[in-house]
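S.K.: Sequence:
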Amino acid sequence: MMNRILPTLGLLLFLSFNMSAAGPLKPFPKDGKWGFVDKDMNIVVPCVYDAVSSFDNGIAIVSSEGRFGYIDQFGSVLYPIEYEMASPFHQAHAFVVKDGLLGLLNIAGDVTFDYKIMKRFALPVEWVDTPARFIGDASGDFLLWVDNNKKYPEAARRMGVSGVVEVEFNVGLDGKVTDVKALTSANPDLDKEAVRVVSSSPAWEPARMGDLPFMTRFTVMVSFSFPAAR
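Residue numbers 60 to 289, in my numbering, belong to the letters of the sequence shown in order.
One should not assume that every hint holds.
[Said to hold, decoys possible] Taking lysine-lysine pairs in the DSS-like style, the calculated list, with each CA pair at most 27 Å apart, reads:
1) K251 x K210
2) K240 x K251
3) K209 x K175
4) K240 x K178
5) K157 x K178
6) K92 x K178
7) K235 x K209
8) K175 x K210
9) K240 x K210
10) K85 x K98
11) K235 x K251
12) K251 x K175
13) K178 x K235
14) K209 x K240
15) K175 x K235
16) K175 x K157
Calculated directly from the structure, the hints in this document are not laboratory data. Because the structure is a prediction, the values reported are computed rather than measured.
The whole structure should be built from the sequences, with the hints applied where relevant.
M.R.: Right under this line is the structure:
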């Protein structure tokens, strides 16, 4: 298994590097089908797909005749167009649905249906039967809870600094908030406080597929602003 994974990982890193050097490819429609063009609007990947996603680290999801798969920036099929559903790759894995069953695809092209493995990864929130639910206060409104519990950093206040920080986090199998990080930066002090307040969240009810809990990933916008002058 390891011998298969390492060459594949090297290929993906190569594709990601070369895509960055050549410039990003953009989805492009033609005659009712989709492909990709470069920055000069030259068609690089032929317009033969019913739908496509944007490239992420050299990989795009494509759809044909109701099935989904993955291609590289040269249009080569990395993983067969045979899945009923397909998610973007994250941490070298992607969730897929094959023959009605939820599975986890790795970069070697292997799919596992073992819950003990799948539960280690964040399932797309759009896929779950029962979404994760914030139960930390009577309102059940996580953004309201964040607003009520954040503290404006004194240094930022003195400098008149305001802004919005996009924060990503996971809700785990036990409902605890983990892996909190700022995706965008407004100011180091604001970033730190946004991560702190989200990290201090009370437990949630975890997302579920059927009776099984799954980790899910969220992003929220934490806003810091001064009251409007009257």
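S.K.: Now tell me, hint by hint, if it's right for this structure.
M.R.: Right, here's what the structure says about each hint:
Straight-line distance between C-alpha atoms of K251 and K210 comes to about 11 Å, which keeps the hinted pair within the 27 Å bound. Distance restraint check for K240 and K251: the Cα-Cα separation of roughly 9 Å lies within the 27 Å cut-off, and the hinted pair is therefore satisfied. With a C-alpha separation of about 36 Å, the suggested pairing of K209 with K175 is violated against the 27 Å cut-off. Proximity of K240 to K178 is assessed by CA-CA distance (about 21 Å); at most 27 Å being required, the pair is judged to hold.
Annotation: proposed proximity of K157 to K178 holds, straight-line Cα distance about 17 Å (limit 27 Å). Note on K92 and K178: the hinted pairing is violated, with a Cα-Cα distance of about 36 Å set against a maximum of 27 Å. The straight-line distance between the Cα atoms of K235 and K209 is roughly 19 Å, inside the 27 Å bound, and the hint therefore holds. Pair hint K175 plus K210 does not hold up; C-alpha atoms about 39 Å apart against a cutoff of 27 Å.
The straight-line distance between the Cα atoms of K240 and K210 is roughly 17 Å, inside the 27 Å bound, and the hint therefore holds. The suggested pairing of K85 with K98 holds, with an alpha-carbon distance near 8 Å, which does not exceed 27 Å. Under the criterion of a C-alpha separation no larger than 27 Å, the hint pairing K235 with K251 is consistent with the structure, at around 19 Å. Simply put, K251 and K175 have alpha-carbon atoms about 34 Å apart, too far for the 27 Å limit, and the pair is violated.
The suggested pairing of K178 with K235 holds, with an alpha-carbon distance near 14 Å, which does not exceed 27 Å. In summary, the hint linking K209 to K240 is supported, as the alpha carbons are separated by about 16 Å, within the 27 Å threshold. Distance hint between K175 and K235 is fulfilled; the C-alpha atoms sit about 18 Å from each other, no more than 27 Å. With a C-alpha separation of about 18 Å, the suggested pair K175 and K157 falls inside the 27 Å cut-off, and the hint holds.
When each numbered hint is compared with the structure, violations occur for hints 3, 6, 8, 12.
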